[in-house]
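Protein sequences appear in the order of chains A and B. Using our numbering, the final residue of the first sequence is 840, and nothing's skipped along the way. Using our numbering, the final residue of the second sequence is 277, and nothing's skipped along the way.
Hints are computed from structural coordinates only; laboratory data are not their basis. Some hints could be false.
[To be verified] In the BS3-like style, the derived pairs of lysine-lysine whose C-alpha atoms are separated by at most 27 Å in a straight line are:
1) A/Lys459 / A/Lys358
2) B/Lys194 / A/Lys510
3) A/Lys716 / B/Lys194
4) A/Lys375 / A/Lys459
5) A/Lys459 / A/Lys510
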Amino acid sequence: MDAETGIGASVLRKEDARFITGKGQYTDDISVFGQTHCVFVRSPHARAKINSINTDPAMAVDGVIRVFTGDELVEDGIGDLPCGWVVNSKDGSPMVSPPHPPIATTVVNYVGEPYAFVVAETLQAARDGAEAVEADFDILEAVVDTATASSSTQIHENAPNNQAYDWELGDKEATDAAFENADHVTELDITNNRLIPNAIEPRAALGSYDAASSTYTLYTTSQNPHVERVVLALFVNVAPEANLRVISPDVGGGFGSKIFVYAEETAVIWASAKVGRPIKWRADRSESFLADAHGRDHVTKAQLALSSDGEMLGLRVKTIANMGAYLSTFSSSVPTYLYGTLMAGQYKTPAIYVETQAVFTNTSPVDAYRGAGRPEATYVVERIVETAARELNMDPVELRRKNFIPPDAFPYQTPVALEYDTGNYAASMSKALELADSDGYAARKAASEANGKLRGIGYSCYIEACGIAPSQLVISLGAGVGLFESAEVRVDVSGSVSVMTGSHSHGQGHETTFAQLVSDRLGIPFDSVNVIHGDTGRSDYGLGTYGSRSIAVGGSAIDKALDKIIAKGKKIAAHMFETTEDKVNFAEGQFSYEGSNEPKPFAEIAGAAYIPAVYPLDELEPGLSEKAFYDPKNFTYPAGSYVCEVEIDPSTGVTEIQKFVAVDDFGNVINPMIVEGQVHGGLAQGIGQALLEHGIYDADGNLSTGSYMDYTMPRAADLPDFEVDMTSTPCTHNPLGVKGCGEAGAIGSPAAVMNAITDALGVKDVPMPATPHTVWETIQQGA
Amino acid sequence: MYSFNFRRASNIEDAQQIHQSSSDAVYVAGGMTLIPSLKLRLANPDDVVDLSQIEGLSAISSNDGVVSVGAMARHCEVAATSDIPALASLASRIGDAQVRNRGTIGGSLANNDPSADYPAAVLGLGATIHTNARAIAGDDFFVDLFETALEDGEIITRVDFPIPKRAAYAKFANQASKYAVVGVMVAETDAGVRVGVTGAAACAFRLTSFEEALSANMSASALDGIDVDSSDFNSDLHASAAYRGSLVTVMAKQAVEQLAA
Ligand SMILES: Cc1cc2nc3c(=O)[nH]c(=O)nc-3n(C[C@H](O)[C@H](O)[C@H](O)COP(=O)(O)OP(=O)(O)OC[C@H]3O[C@@H](n4cnc5c(N)ncnc54)[C@H](O)[C@@H]3O)c2cc1C
Chain A
58 MDAETGIGAS VLRKEDARFI TGKGQYTDDI SVFGQTHCVF VRSPHARAKI
108 NSINTDPAMA VDGVIRVFTG DELVEDGIGD LPCGWVVNSK DGSPMVSPPH
158 PPIATTVVNY VGEPYAFVVA ETLQAARDGA EAVEADFDIL EAVVDTATAS
208 SSTQIHENAP NNQAYDWELG DKEATDAAFE NADHVTELDI TNNRLIPNAI
258 EPRAALGSYD AASSTYTLYT TSQNPHVERV VLALFVNVAP EANLRVISPD
308 VGGGFGSKIF VYAEETAVIW ASAKVGRPIK WRADRSESFL ADAHGRDHVT
358 KAQLALSSDG EMLGLRVKTI ANMGAYLSTF SSSVPTYLYG TLMAGQYKTP
408 AIYVETQAVF TNTSPVDAYR GAGRPEATYV VERIVETAAR ELNMDPVELR
458 RKNFIPPDAF PYQTPVALEY DTGNYAASMS KALELADSDG YAARKAASEA
508 NGKLRGIGYS CYIEACGIAP SQLVISLGAG VGLFESAEVR VDVSGSVSVM
558 TGSHSHGQGH ETTFAQLVSD RLGIPFDSVN VIHGDTGRSD YGLGTYGSRS
608 IAVGGSAIDK ALDKIIAKGK KIAAHMFETT EDKVNFAEGQ FSYEGSNEPK
658 PFAEIAGAAY IPAVYPLDEL EPGLSEKAFY DPKNFTYPAG SYVCEVEIDP
708 STGVTEIQKF VAVDDFGNVI NPMIVEGQVH GGLAQGIGQA LLEHGIYDAD
758 GNLSTGSYMD YTMPRAADLP DFEVDMTSTP CTHNPLGVKG CGEAGAIGSP
808 AAVMNAITDA LGVKDVPMPA TPHTVWETIQ QGA
Chain B
17 MYSFNFRRAS NIEDAQQIHQ SSSDAVYVAG GMTLIPSLKL RLANPDDVVD
67 LSQIEGLSAI SSNDGVVSVG AMARHCEVAA TSDIPALASL ASRIGDAQVR
117 NRGTIGGSLA NNDPSADYPA AVLGLGATIH TNARAIAGDD FFVDLFETAL
167 EDGEIITRVD FPIPKRAAYA KFANQASKYA VVGVMVAETD AGVRVGVTGA
217 AACAFRLTSF EEALSANMSA SALDGIDVDS SDFNSDLHAS AAYRGSLVTV
267 MAKQAVEQLA A
């Protein structure tokens with residue numbers, strides 16, 4: 058292994074050279090001959106009946122080629138945008154999924170929902186055309202508020218009480234019994250604020266149809282091009298799967314929002330055949346605010362039962378989750394199987410009961426956003442644990458230590474379905490406390506107080522389930538897809554290697570991490586590995602990148618294909634050594650045999666596979682290319698301890714994070730620098746949620762925070778220097794011992810920040826985001 | 017954006033001439049406010065008249081106790097001056113680097129955004145706004161929300177700031193936009209103590225109760241117990257009127273403390 062580029066080395070990211078010199082190829086950078094432009098006509102109303110749409114004035118605009126309405130898609134057999142995970146209610150009935158035509162036909166249900174689109178020679182003409190479309194609406198009363206949605210006017214005909222489902226998990230009776238026997242019950246009502254993803258690259262699509270071969274090619278900003286393809290083919294009926302190629306070139310961030318199958322790419326690829334020319338669409342930033350699926354938006358009541366000495370006995374959680382106007386692609390799984398299943402946290406709590414009511418409102422659809430369900434779960438568990446400690450006058454660290462699942466209890470079956478494979482929670486806690494200099498806290502607090510400032514400290518010990526996911530488990534829970542991953546390792550004649558992966562990189566650095574894995578295992582130079590992804594025409598299949606699954610599932614698939622390459626290499630080498638394959642050893646890029654003092658380098662074996670002069674052709678096919686599909690046996694369970702220290706200026710309400718420590722256990726780490734970068738990004742988003750970001754609708758369903766003038770994206774200057782470190786308990790069930798690191802920072806940090814703020818203010822709760830205004834008002838209420 | 021004619025004026029008369037002969041014209045300076053509104057199709061002028069090539073319009077000079085800032089002086093240029101540190105400091109905190117590299121004092125004042133910073137400086141320092149037609153006392157310039165004393169087509173040419181004995185600007189910035197939620201300029205000038213407040217109300221104003229208290233005693237504690245009437249203050253997503261009212265005092269005190277430092 059090359060220490061500079063192998064597993065464990067902080068190799069600089071290959072892909073950054075092209076990204077930072079403007080040489081990336083994003084969807085909007087791609088133009089094809091004959092291309093036209095598309096603009097969507099979006100609803101100005103949160104809820105309205107469409108009486109009529111007059112496209113004639115738009116057709117009269119110079120340069121406009123075609124104007125489409127939703128009816129034309131329906132007439133052509135284009136189906137609804139599906140939700141791919143069926144969640145059942147307590148009574149066993151399946152969730153209610155209201156009709157969701159890509160282009161609205163009879164009603165519009167959120168501001169920004171498209172009801173027509175214009176294809177024109179130029180973007181300017183398409184804009185003019187979109188403005189000229191006339192629609193007659195009956196404006197209806199809109200439902201906006203999460204907490205009261207189920208008692209508000211009914212939005213969808215098939216969804217009484219605006220309810221999608223009323224789901225439960227855990228043992229209700231055992232939990233009730235735990236509460237009956239408890240010495241103390243802590244109650245906490247909290248909200249998890251709506252977030253708007255804001256990837257740096259807005260969504261875009263370029264669809265073209267080749268009449269000669271009856272094939273469609275869709276370039277789009279997808280985190281999972283194969284899923285995009287199968288959904289468009291199988292459910293939306295755009296084209297047979299074999300005739301549809303989806304390419305996700307360089308993609309500038311997704312955070313979940315680019316997992317989903319949206320109206321825009323559906324419309325563009327479908328219409329490209331109708332128009333007979335390629336069609337391009339790229340969202341404006343203002344459009345992204347409305348048209349990308351949002352994140353979070355929960356209202357929760359939680360209760361924790363404890364013994365007088367702080368033993369956690371039972372947890373009850375009742376959540377209302379806002380789904381927005383329709384069920385987006387994976388939305389139903391987020392506040393259920395990615396949420397309720399995490400309520401044990403790092404603790405031995407024996408009885409847990411979780412209920413989630415998913416409700417519709419006239420707001421943009423809500424779906425997975427960095428962490429997806431797990432930040433919400435951590436927020437509930439870690440806020441209520443800290444609150445309980447305060448109520449019992451216990452040190453929150455001690456209360457946690459007392460309840461941690463001990464290292465010798467793994468594998469550990471939680472009362473909420475998951476079986477944790479490994480972990481050492483006390484170890485990361487100890488390391489975090491050391492880095493946080495918790496001993497010096499009292500003096501720092503006194504110094505703040507002397508300056509008229511309030512100081513607080515907060516902890517958060519998160520766990521998450523990622524490396525998504527064992528296929529049969531998730532299918533049994535309602536998922537419409539398997540969640541394995543595919544890989545192909547193609548060794549070239551010269552011994553260089555192309556890796557086709559079903560994972561998709563939109564900022565994660567796979568081209569580097571995966572190349573490190575391959576170069577390390579094959580003992581070949583890092584630079585001779587080329588990682589190819591994001592093209593259904595080049596990778597066999599793939600489920601894409603989300604749920605911190607790329608290294609744990611995608612990497613394991615590559616590892617499995619490498620096993621096959623090495624096994625075949627041994628056979629070839631054995632033939633050349635004139636021995637049997639069990640006597641051939643492979644290490645550091647060399648095939649060796651005890652009976653020979655001349656080891657054969659990997660490239661020589663590759664050469665022999667393609668120029669089979671000395672080769673067992675009667676037993677072995679020529680060539681050296683192997684495929685593998687890897688289906689994980691379990692989720693992986695990254696966990697960590699975060700400590701946040703804040704100082705608040707009571708005169709302005711401004712919170713300053715003075716210290717933020719994150720100690721994570723990601724198991725084995727391929728590239729520590731990339732992992733640290735992922736943690737930094739996650740922390741920025743989690744701290745953004747805690748202090749800055751908030752998607753707010755007014756009473757009529759207009760998005761009040763629809764631009765950067767009002768929606769606060771975290772900037773570097775808003776964030777402290779992070780102190781980041783790691784502990785490691787390698788995953789026990791995947792070949793690399795890896796767990797995944799993409800979401801952890803966003804999962805663990807909001808609770809740490811809010812625990813620190815409530816500690817500083819001496820209050821039970823402050824609603825997120827804790828903006829200066831909110832903090833100031835909290836202080837005024839107490840005064 | 018809708019199409020428009022881009023007209024580059026070579027001098028002030030030319031600019032005004034183009035403006036007058038057009039049925040619907042608008043001047044563009046740094047474009048930091050105008051261009052976003054054009055892009056969002058909120059404005060649809062026939063002619064956009066560019067002031068950037070007019071000679072001398074961006075000059076900054078300092079003579080006889082007056083700093084004279086040309087209308088086309090960009091925020092980054094004002095931030096680099098030294099004769100009125102409080103003014104330079106204010107300019108250095110407008111928006112972000114990109115905005116400061118384009119936005120101009122003339123554009124900012126003509127626009128009269130209720131959250132803009134310069135209005136606090138104009139009132140706090142007792143500046144005079146010069147146009148192609150006249151000189152307007154700062155105190156008479158800001159009329160209402162986005163409304164100024166400028167006549168249609170009138171062009172700001174420069175702003176004269178008398179150099180104060182000492183002055184300081186305290187700003188509480190909106191976390192998202194970086195505009196002022198509340199900004200307060202406190203200055204000790206030859207004409208007495210002046211306090212200019214921006215962000216709090218429909219447009220910037222002088223706070224005479226603070227001016228009187230600070231004239232008697234230039235210390236933060238002099239402001240204790242003075243009630244700031246916030247009943248007409250702005251109330252929006254980011255700050256209630258009461259919060260703005262409280263911030264006016266907090267920012268004024270910060271400015272006074274900086275003065276003393
Ligand atoms: C992201 C962002 C953040 C910002 N943050 C702040 C902030 O923190 N504080 C702050 O004060 N401002 C802020 N601004 C505003 C910015 O500083 C500019 O001052 C402002 O946009 C106007 O200046 P401009 O030169 O860009 O004018 P333009 O956009 O070119 O013009 C604005 C208006 O003024 C008129 N005009 C321009 N020049 C003249 C003239 N000489 N005579 C008569 N009329 C004229 C134009 O016709 C137009 O109507 C921010 C802007 C942005 C985009």
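Now the hints, each set against the structure:
The suggested pairing of A/Lys459 with A/Lys358 holds, with an alpha-carbon distance near 24 Å, which does not exceed 27 Å. As the CA atoms of B/Lys194 and A/Lys510 are separated by approximately 24 Å, the hinted pair is consistent with the 27 Å bound. A hinted pair counts as satisfied when its Cα atoms are at most 27 Å apart, and A/Lys716 with B/Lys194 qualifies at roughly 24 Å. The straight-line distance between the Cα atoms of A/Lys375 and A/Lys459 is roughly 25 Å, inside the 27 Å bound, and the hint therefore holds.
Distance hint between A/Lys459 and A/Lys510 is unfulfilled; the C-alpha atoms sit about 32 Å from each other, more than 27 Å.
In summary, the structure is inconsistent with hint 5 from the numbered list given earlier, while agreeing with all the others.
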